[in-house]
Amino acid sequence: MKKITINPVTRLEGHAKIEIFLNDAGEVANTYFQIPELRGFEQFCVGRRAEEMPVITNRICGVCPEAHHMAATKALDALFAVEPPPTAKKIRELLYMAFFVTDHTTHFYALGGPDFIIGPEAPAKERNILGVINKVGLDIGKQVIACRARNHHVIQMLGGRGIHPSAGLPGGWSKAINPEERLEIETIARQNIEFALFSLQIFADIVLKNPAYLELVTSDTFCHQTYSMGTVDPKGQVNFYDGMIRVVAPDGLEWLRYHPSQYAQHLAEHVEPWTYLKFPYLKQIGWHGFVDGPQSGVYTATPLSRLNVSNGMPTPKAQEHFDQLFSTFGCQPLGNGRYQPIHHRLATHWARLIELLYASERMLELATDPEILSPDVRAKVKTENICGIGIGSVEAPRGTLTHHYETDQQGVLTRVNLIVGTTNNYAPICMSTKKAAERLIHKGQVVGQGILNQIEMAFRLYDPCFSCSTHSMPGHMPLIVTIRDPNGTVVDVLRRDG
Amino acid sequence: MALVNIHEHILDVAAAFDFFFCPCLLDTKYQEVEEMADETIAITFFNGAIRSSENEEMAHLLRRKSQLLIAFGSCAHAGCIPGLSHFSTRSDHFQTIYLDNPSLDNPTAITPQTEVQVPEGILTLPYFMDKVKTLGQVVEVDYTIPGCPPEAHQIWNVMDHLIEGRPLPPKGSVLGAGRSSVCNECNRVIKDKKIKRLYRNYELVPDATSCLLEQGLLCMGSATRDGCGGLCPMVNMPCTGCYGTPEGVLDQGAKMASALGSMLDIGETRELTEESITHRMDEILNTMPDLAGTFYKYSLAGSILGGRKAQT
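Heads up: the sequence lines are chains R and P, in that order.
So the first sequence is residues 1 to 498, counted in my numbering.
So the second sequence is residues 499 to 810, counted in my numbering.
Any given hint could turn out to be false.
What the hints assert, rightly or not - The calculated lysine to any residue pairs, modelled on SDA-like cross-linking and capped at a C-alpha distance of 20 Å, are:
id, chain 1, residue 1, chain 2, residue 2
1, R, Lys142, P, His507
2, R, Lys89, P, Val733
3, R, Lys434, P, Glu618
4, R, Lys382, P, Tyr697
5, R, Lys135, P, Asp510
6, R, Lys135, R, Leu197
7, P, Lys563, P, Ala540
Claimed, not checked - Taking beta-carbon pairs under 8 Å as the criterion, some of the chain P residues facing chain R (in silico):
id, residue
8, Ser601
9, Val616
10, Pro647
11, Asn734
Just so you know, the hints here were simulated from the structure itself, not pulled from any lab data.
Note that the structure is a prediction, hence the values are computed from the model and not measured.
Every residue gets a Cβ at the ideal spot worked out from N, C-alpha and C, and that includes glycine.
This is chain P alone, in the form it adopts within the complex (with noise of 0.2 Å):
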């Protein structure tokens, strides 16, 4: 859906590339890639997580078959929302919805298998994992564009590259995006300024002009690269980190706690035991339940800390 928001440019990216890198039409030849040479086609764009043994399968076989590819958008990048799955279990999963559910109707109990003898045959499923992988855990990735979705522009950018055949930044780069945060691009006003606690967004009307995180708003930007053009912040909401982490940052959550940790007010420290410094920044902290499923809401699954540890 996002690249189909380049509007008017799709037709350029039509002349230009028969769309064979489109996602979609080499699903369309889904056959003919498996009997293709390896190394056949130029570009894939690929999106979406690593979710099933089916997207495994398919992030290996277009890796084979691809010249380059490219990670696009968040989900593939860094895992994006269905990465929160990572603080329950799988069985967590199947127990809400198939199990325990306001409107369920399923007395026997049942819940979806990877194989089911049916009265005609047999059907199948695949695997739905026990963790969510982003594409670079799963094959060797050359590029990634970053954000949920990739804003229009900054894909077109990465068309227009392509089209007029310039010459790629060495592999691993991020493409469709800046090498510094959103706060780069974001045109509120920062004033250095401590916070004495956090807000709900429901709890404070943010003035229109400063920094929202100085205001008590739990912004991301600072730990979100730049590239979107700092939109939410446009319409008084808190950046909530779609685009990932900044260039040579490497875990979003870690990056936004030390900022966090720098600008909270805790008022006079000197005379304090160090127990009592953590306690009283506990109490600022603790008036935000989730702060883990805010700083890693798009990058669980690709982060250093990686979701809830000991799953049984």
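Looking at chain R on its own, in the form it has when it is part of the complex (with noise of 0.2 Å):
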């Protein structure tokens, strides 16, 4: 049998590689996608105190840490019974809307977008930040560059630090905002609606108005009938920061609505041999190997199944874009706001942009909200609450994300938890990859240089967040594609070189 390595993510730290075995017809037999990392934050941080979370688990990534920022911080709010002031709560979320843009911004122009903007085809030396920036102009760059900056900026503002913040406490946020800062966010909430819309306008003109990059988009080699996951508001509408989580089978149907705190009820995780990684899936549904369709408990959370599972966006422009891309793919509306589910993954970029504009208008809606200003920001943690169990989950950019802490009469940790964002995606991303091999490997032939971006593509579109150095410069994935025979010789090696 043969086997074709692809180790696409050699990197120092946060890995992927990928397995494809063929069969005798040179048929793609099996496809493996393995995590070969495993750091152990949910045994080491047993012992600590609890209140050092936010902290300590910001340094799972350096991507999304403020993600783990904040779902710590909400856990401890939950864990030791204390009910935020609303400014808190305010200034928890407008620093993380402000995270949000740049991280849907350094995933459409660094990481994904490039795919498109600079195109499926192009030499992948082109196919990063720096080739975006030649396609698009250096103005557009410096564009880009200046967002995810002025966005850091508010981040270390509220948070203390631009990339692993500090502020966040039980009950609360250890900072408040002044009129200056408050005054010097707003502008920049403005700013980022006008960067917002002008990348969706670049997605119009790139993608939608090319056919061929239509026909990809829409193509069945990115579509997969899962179940959709995301956090919705009271009015089931998108919400990153707080929710209930709304799960919808792939025909549209609400399966599940529960309280964060409820997630071990829903979901289990499933455990292979060959990765560090587990798979998270249904648990009533149950685990039926890597499949799609309503009998499998494979499910995704990305922005895609966010827009998926809700009733609309919050704000009125992000609105128009979400209803322009549910029309685009012909779904039927199922009432409330809420459409048939959207299964072609690459429209994933798309919701991210949506996404991108919804972050960027909540964040002026918080900016200008009077009650930002409010120097009441703790609420009193009572020491007798402080053993027990605390649940708390946001959306990250790749998905839900959950902290399950436990403590004891000392508030230290006994036990901890985490699901993290990608992790929810890993049995979509290993069945996106192997459904990409197989169309693109017959009769034990590769097809050139096509597979290697296409593969990329198939789970580059979740942005997988155990690539993180992968989405620093200069932004593209090393592919490396060895075939081998039965016997482990090496018959072709297929490089993307950078």
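Make the complex out of the two chains shown on their own, each in a separate frame, by following the hints.
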């Protein structure tokens, strides 16, 4: 049996490897997407003081530390049974929106977008942010950099540090906002809205008006019928900071709606011996392997799934684009503003830009909320409440993020469980990768460089976070495919150089 | 990520270096790196601690191929947060993560294996090592840029220095940071006050201008190298020590223990036996669980303490 090894992310930290096995006919027998890294937060956090978790779990990732900081802080609210003042919640959400703006911007321009902006057929060495700058112009490239810079400035202003914030406390936030800061953030939020609209325009001009790209987006290669997950507010609309978890079936029927604290009743994690990462799935349906359909417990938690489960966007401009997205894919309205889900996974890129616009609009709402200037940002924790269980969740850019803590009488952690954004999508990522390989490898023949790009696109659309380092410059995934005969001898090497 | 956050300066770096030093680009050319002559790479910025057998192989490879190897960030420098693993054993990790966990479904007690026979062939995984190692414990390191993460302005200071081709300090030096402690750049006022008790961060709303440690919050600033700009105390939160030891200090936890010891107000001691002095100190310290995890939050793997002893 032939074995193809794709070692895409041979990075120093955070890593993924794809193994493709061919059968005797030269067709794909199976594909394995392995995560060869483990750090063990769930173990080494035990014994720590619970209130340290926002700062400790920040360090899970250099890309989405703000998401961990926020989930941890919310888990502490629940653990210590303390309700933060309204202003504290708003400051948290404000920081969180600035974070979403920088994160989604990074993905569209540096990671996922280059495939479209430069083109899937373009030479690999141009498909990175520097190539994007060449294509769209240095001024636009500078705007992208400026967008990230100004929002990191907001994160630092509100959270202490631009990458690993430190201001999260059980029951609140360590710093209030003054009027000068508020004004600056308002200005930045307005710039973000313009930037998001401009990014959606680039997507419309370059992708939607190009029949070849549109065909790719709507092709079966990138289509999977799974359950969708996302957090919704009381109106059933998208919210990143807080709400109920809603899961809809592939046909759009609401399957579950639960409070994040009930996650363990609804989710379970499957273990495979060939990877360090676990596979969450819907518990009532069960684990039936890496398969689609309503009978499989596999679900996705992505920008696209969040839009799939929601009754719409709570802000006006994002709502317009939400309607446009679903009508472009011919989805029927299901009532209350919701549509039949989209299963064409490349639409995730479009959904991400709609979320970028929502985050920008929401940032402006919060920055202009009169209550945001209140100095009342901390509620008192009662020391008799520090022993117990606390579960907190937010929507991380890459999916629903859940932190679960248990403490002893001293408020020291005795148990920690984390279900991280990308982890939700691990099974779908395996499935998408396998499907792309199946479509592109026949009779033992790999279709040149095409397979590298398309397999890469199949998992990149999830913005997988175990590839943190590839989010940084210059932003394209390295891919090396080694084809071996049944004896393990290398017969060919396909390489996409940087 | 920290590197990208030098924002517009990234264009200057791109112009000067063509990113050949960037770890992610080095990765793209992993095969080429193996094939190239030794010391072909001028500078490697190595981020991440040594957690798996594969990390260790990569460290050796990049050391061989690089003229300068720089430990970039707290993980490579001192083991950082993953180094907290040293308080438990390797099997504790597997037990908690794969065998005993609130959302787990693992009736047949499967754990990841370094070599697995699947129906189609054999799959391999790197070995999860018993301990986290710092880069310097595995290979010779020329320079260190501390911080979790290193602050953008400091990264740019180093990059600018390299782009300009200015002379470098002696090997083994710390780059992109100061030589003193965070107190040096914190604008809170120190009044040499003693402390009667310690407060957990949710127990006290500190005043905005005086030293956090003197108010009883466990601020690591005096045992931590300066360079970040004293950011956390600016938002009323104690320094947690991510920039590692100040110049000339061997062990961050020992430094903090000694700083704290000299500040505790245990009252009049003249009539007391040594035992009751210890008892009074314990009374104050016992209100703060996990001092070891606090003092060594970012430096356990690289510390003299090293972690839990006698792992069986």
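Which hint numbers doesn't this structure obey?
none
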